[in-house]
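The chain contents come next:
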Amino acid sequence: MTSQQIQHMEKQPAASAHETLTRREDDRGGPKRPRLTAQGWATISVFAICAILIVSSRAISPAFGGWAQLKAILILSSFVMVAGFGQGLVILLGGLDLSIASVCTLAGVLTFNWVGNSELALLWGVPVVLLITAGVGTVNGIGVALLRIPAFIMTLASGIIVYSLCLGFTGGTPRGMASPILSAIYTASVGGIPVIILLMVLVAIVGSVVQGRTVFGRKLYAVGANENAAHIAGIPVRAFTIAAYAVAGACGGLAGIMMVGYAGGATLTMGQPYLLPSIAAVVVGGSSILGGRGTYLGTVGGAILLTTISTIISALQMSEGWRTVIYGSVILLALIFMREDLFAAVKRQSGASKR
Amino acid sequence: MHAAMGNGAFIISALFIILYTVYAVWQPSALSVSDLTDFFNNTLPLAIAAAGGTFVVLTRGFDLSVAGVISIANVIMATKIGEGPVQALWGLVLVCGIGLLCGAVNGLLVSKIGLQSIASSLGTMIITSGIALVLLDAPGGTVSEFVSYGLMDDIAGIVPITGLIAAALIAIWLVVKRTDIGIAVYAVGADETASTLAGINVVKTRFFAYSIAGALYGLAGYMLSAQTATGNPNAGNPFLLQVFAAIAIGGTSFRGGHGGVVGSMVGAATLMLLQKLLFTAGVSSFYTGLFQGVIMIVAVLIAALSSRFSAAGAR
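Heads up: the protein sequence lines correspond to chains A and B, in order. My numbering runs 44 ahead of the 1-based position in the first sequence. My numbering runs 85 ahead of the 1-based position in the second sequence.
Keep in mind that a hint or two might mislead.
Derived Cβ-Cβ restraints for the label pairs, each shown as a range [what the hints assert, rightly or not]:
| id | chain 1 | residue 1 | chain 2 | residue 2 | range |
| --- | --- | --- | --- | --- | --- |
| 1 | B | Ile266 | A | Lys115 | 49 to 57 Å |
| 2 | B | Thr264 | A | Ile380 | 30 to 38 Å |
| 3 | B | Arg263 | A | Ser358 | 26 to 34 Å |
| 4 | B | Leu259 | A | Ser227 | 58 to 66 Å |
| 5 | B | Ala252 | A | Ser227 | 56 to 64 Å |
| 6 | B | Thr227 | A | Leu246 | 50 to 58 Å |
| 7 | B | Gly235 | A | Pro317 | 33 to 41 Å |
Beyond 10 Å from chain A on every Cβ pair, some chain B residues (computed) [to be verified]:
| id | residue |
| --- | --- |
| 8 | Val178 |
| 9 | Ile203 |
| 10 | Met381 |
Just so you know, the hints here were simulated from the structure itself, not pulled from any lab data. Since the structure is predicted, the reported quantities are computational estimates derived from the model, not experimental observations. Built from N, CA and C at the ideal position, the CB exists for glycine as well.
Just need the whole structure built from these sequences, with the hints factored in.
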């Protein structure tokens, strides 16, 4: 593959992000809604930073900056992308899902144990695991929406409970068999492009449409922006909240099933490394933790950016401590420089100079 | 009494006393000085960390940096501090100072730069965990015997030193919460706009809350080092979720403005007691989390119900 083709591929996500977002701004009368514009800029800049980082990482290692690295990054981002969709919906409502790591582990442990290498078990096992994890999410949603327990506490508690059940179920060591079909998702490719990357493009499109274009998604924005106003406008706020948490549970479950395919096994700590990144991806992608604002495309960009940073840093000739310090600093800098008010201010400045 | 303790603190204290009574009936030695000293020693690090986190939660923020700061404090105590009282005091000043500095950075990021607290403290948590790894890349080192034996002891076989430290912290808190800055912390968490209109400096108040929290995480790391007597660059990690669990069952509202340090400290003690109780009852340690999670949810529900009843009674 020539370097030109590679560059083209790297630029593509940024370009498509730009298109969708500007189109959406036009729908809503562009300049009258400076907030959406700022969000659009945030998303574009996330993808742009990814592209710049990947291209310039060739300076660190000659193995970097090419298709192989991009492929590795996209494959590694897939878990956070999927978990991040659910996390993003919940954050859109002004909530938070801290149980997503334990739910991942639960799904992984169950899939590993129930499905094993049987193709028949895959047919019933995957749907059942997704139903169970959606059930955990539903319980979270009921706690938050009906019992009015703060999301942070409800999901923290349910996460601790689910993890404890995983420990009890496995007796400390998950047992099972690797599933060749699940692994094939990560190893097979169609027309030179790995299946998992095609799937993730599909996830990005479906996720963006569900969150940004469907009635369900648009109403979630309304609930997140102002719950009382949404209630008065006739939106069944409680049902929507429970639904969002259920989707988040299922997303955590799907990420867990995917991890079993990727790693060919399950461990009791498999979900843990993805809890904070799932939140960070949503926030780096320009969503407000207070709810009502954010796009899934931003989250996808956030997930890819975080993975890009960590893969590049892991290649640095440094001790683990210094790599961790750099990783944290880059996240902080990204947060500081991608603040929405900063984009809004820049926009205002440029708008003023034109006039 | 009610006003002094705060609703949540009262409920969790009652729950704690009931559980401890059950434990004492089961295991009569639970009331001996040596058992009590052990219990205080095990609880104090989490209790202090939860006390620090409470300041931030009261202002309606989240602080994840607790894990990293405790790790740094532990690693410093295990590798950089020598024997003797002077070194022990220098270690205390050093780790609390480092905690204060980390807290001040968090405070600046949240109050001045306007970052979302959960996101910015995620960044500082990763950085501080990294610094702990830079200082000590694998578990090791020893904490001076002056600290590890001295602070874990009791005075004249009657009063555990860690119990005295806990009492002193509660006394300081009861004074601080009545000062202008203490009242401001509650006001900012309850309603930021109204506090601004009432002339409260919101930026300064937030900065104060995060800084104090950081200093207390440092102190928690100091006490943890005294308890474990060794260094571990990941020593703070288990504290991350436990601190929030303790704050939650202690009755501090995550919506800000309600609760207090006493509740969080008793909450931490309850979490520890629960582990002891389940162990004594022969429940597999796998299921400790199940009970902890259920207790968290129940405690929050009871607090919500009782505040509804007391509000109805006032009318």
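How does the Cβ-Cβ distance of Thr227 of chain B and Leu246 of chain A compare with 50 to 58 Å: does it lie in that range? Holds - the Cβ-Cβ distance for Thr227 of chain B and Leu246 of chain A, about 55 Å, lies within 50 to 58 Å.
Arg263 of chain B versus Ser358 of chain A beta-carbon gap, inside 26 to 34 Å or not: 51 Å, violated
Check the non-interface label on Ile203 of chain B: least C-beta distance to chain A beyond 10 Å or not. Violated, because the least Cβ-Cβ distance between Ile203 of chain B and chain A comes to about 6 Å, which does not exceed 10 Å.
Range agreement (Cβ of Ile380 of chain A with Cβ of Thr264 of chain B, hint 30 to 38 Å): 32 Å, holds
In terms of Cβ atoms, is chain A entirely out of 10 Å range of Val178 of chain B? 24 Å, holds
Do the Cβ positions of Ile266 of chain B and Lys115 of chain A conform to the proposed distance bound of 49 to 57 Å? Since the Cβ atoms of Ile266 of chain B and Lys115 of chain A sit about 54 Å apart, the hinted range of 49 to 57 Å holds.
Least C-beta distance from Met381 of chain B to chain A larger than 10 Å: Incorrect as stated: the minimum Cβ-Cβ distance to chain A is 4 Å, not above 10 Å.
Ala252 of chain B paired with Ser227 of chain A, Cβ distance criterion 56 to 64 Å: With Cβ atoms ~58 Å apart, the hint holds.
Looking only at beta-carbon atoms, does the pair Gly235 of chain B, Pro317 of chain A fall within the given range of 33 to 41 Å? 38 Å, holds
Between Leu259 of chain B and Ser227 of chain A, does the C-beta distance stay in 58 to 66 Å? Given about 60 Å between the Cβ atoms, the range holds.
Checked against the numbered hints above, the structure breaks hints 3, 9, 10 and satisfies the rest.
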